[in-house]
Amino acid sequence: MTQSLLGREHPLSSAVEQLRVLNNFSPAQTPFDENLAASGLFPLTATGIETLQINVGKLCNQTCHHCHVDAAPDRKEIMTRETAELCLDVLRDSEIPKLDITGGAPELNPNFRRLVTEARRLDRHVMDRCNLSVLLLPSQKDLGHFLAANQVEIIASLPYFAAERTDSQRGAGVFDKSVEALRRLNALGYGREGTGLTINLVYNPTGAFLPPQQEAVEADFKRELAARHGIVFNALYVITNMPISRFLEFLLRTNNYDRYMQRLIRAYNPGAAAGVMCRNTLSVGWDGSLYDCDFNQMLDLPISHGAPAHIRDFARGRLDRRRIFTGQHCYGCTAGAGSSCGGATV
Amino acid sequence: MSSYYHQDDLGRFGDVGKNAPGLWEKFQAWYNAVFAPGALSEREKCLIALAVSHAVQCPYCIDAYTQACLEKGSNLEQMTEAVHVAAAIRGGASLVHSVQMRNVAENLSM
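Chains as they are written, first to last, in this note's numbering: chain X, 271 to 616; chain F, 5 to 114.
Treat the hints with care, since some could be wrong.
Stated by the list, open to error - Below, computed lysine to aspartate or glutamate pairings styled on DMTMM-like, alpha-carbon distance capped at 25 Å: (1) F:49 - X:490; (2) X:492 - F:85; (3) X:492 - F:46; (4) X:492 - X:450; (5) F:30 - F:13; (6) X:346 - X:412; (7) X:492 - F:48; (8) X:492 - F:12; (9) F:49 - X:494; (10) F:49 - X:485.
If you're looking for bench data, these hints aren't it; they were derived computationally from the structure.
Generate the whole structure from the sequences, applying the supplied hints.
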C-alpha cells in the first residue's frame, strides 16, 4: 500500500462511511453509551486539560496499514503558521502543562520546530509522536539534535522487536530504518539514565487482537532490542488498534470486523472507561478545529454540546468540564487494561 | 449442514450450562482459576493450552488460544514451537508403542 485511502478514492476515506459502518451494529453489540451508563459514567465529561494534543497534519513519509489518520506521503493537509500561533497563544494564556505533537509525521510540518521551541520557552513538557524513519530523511538530519537540545520526549512507534511483524504493519524496510534511528537517538543520550532524555516506544498489535499486558511485553522489548541491536529505551506503551480508517478497512477486508468489535466489547473495562485520555486532553486538528481526541478528529466528530469548536475561541472554563462525544469506536480505548496515547490506563 | 464446526458456536459455549448450571459454574470457576497467573505466567499457560488444543484437535480451542497467545505477547515462532511440542509427543507416543510391538514379536518368534 503506497497511497492513503483518500488517494485510492476508497469509500472508507470518508468519515461518514466509517460512522455508517460503526453505527450499523447488530443486537449482539452493546451500544457503548449503554455500557458507559452502566458504569455510572454517562454522559462522559472532561476533568480538565492536562495535555494539548495538536495534530499538525496528515503528511507522513510512511503509509502504515493500521493508521487511524490515513496519513501518507500523498496527504497534503497541514497546519499553517497562523493556526500554530493560535495554539501557542493558548499555551501562553493557560497553564496547560503538556504539549503533545502528532500527525502524520509532525516533524515534516514547517511549523513543528516553532511549536517546540516556543512551548519549551514557556516551560511546557513537549512530546513528539515520531515514526523514527523520519529521522533518516535528508531534510531531517539535524532533527535528533534539535529534539535533544529542547529536551523533547519522543514517543516512537515500533510494533515489534523483529522486522517481519514491524514491516507487515508499517511497510517494507521500516524496521531497519527504525533501528538505525533508535541507535542515533541512543547516541544522543535518549533512553540513557541521567540524560533527562526520554524515549518511549509504542506497541500496536499487528492484527485484529488486543495488546498484551504492558509490563510483560515491555520486558520482552527491552531484552530483545538490547540483545539484538544494543538499543535502550525508557518505557513501552501498548495501544489498542482503533476500528476506524485504515484499520477498519483491514478489518472489513479480512472479514474480522464483527469478531474484533465483539472482542473489544467483551473486554470493556469500567476502570479503563473512567480513565480515558479524552477526559484530560484537548485535541486540535490541522485546521484549528477542536476535538475530544485524535480518533474523534479523524471521524469528523468535533467538540459539541456548546463548548468552543475552534482553537481561536478557546475558553478553558467551558472546555475543562465539557461533555465528550462517545460512540462505538470508543470501545478501542476501554478494552482490557485500557488504551491511551500513554499506553494502558489501568 | 456444510460442517459440524462453526466459528460462531464458540461464543455459545455458555449454552452448555443450560441443563446443568451447577456443573457449568463449577467448571467455569475451575477453568478461570487454572488460567490465572500462578507459578506459571498467563502467557505460558496459553502456550500450553495452544499445544494441547492441537493435540486434542479442537478447532474452537485452536481459534481461542491462537488469539489468546497473540494477546499475551507470544509470537508465531513461539506458538509454532509449542505446536511442535504437542506434535512430537503425539508422534513419540505412537512410536514408543513399537516397543510393545517388539515385545509381542519377540515373544511370538523363535
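Here is how each hint holds up against the structure:
1. F:49 - X:490: 17 Å, holds
2. X:492 - F:85: 23 Å, holds
3. X:492 - F:46: 20 Å, holds
4. X:492 - X:450: 16 Å, holds
5. F:30 - F:13: 21 Å, holds
6. X:346 - X:412: Distance of about 23 Å is within 25 Å: holds.
7. X:492 - F:48: Status holds; Cα separation ~19 Å.
8. X:492 - F:12: 38 Å, violated
9. F:49 - X:494: 22 Å, holds
10. F:49 - X:485: 17 Å, holds
Hint violations for this structure: number 8 only, all remaining hints satisfied.
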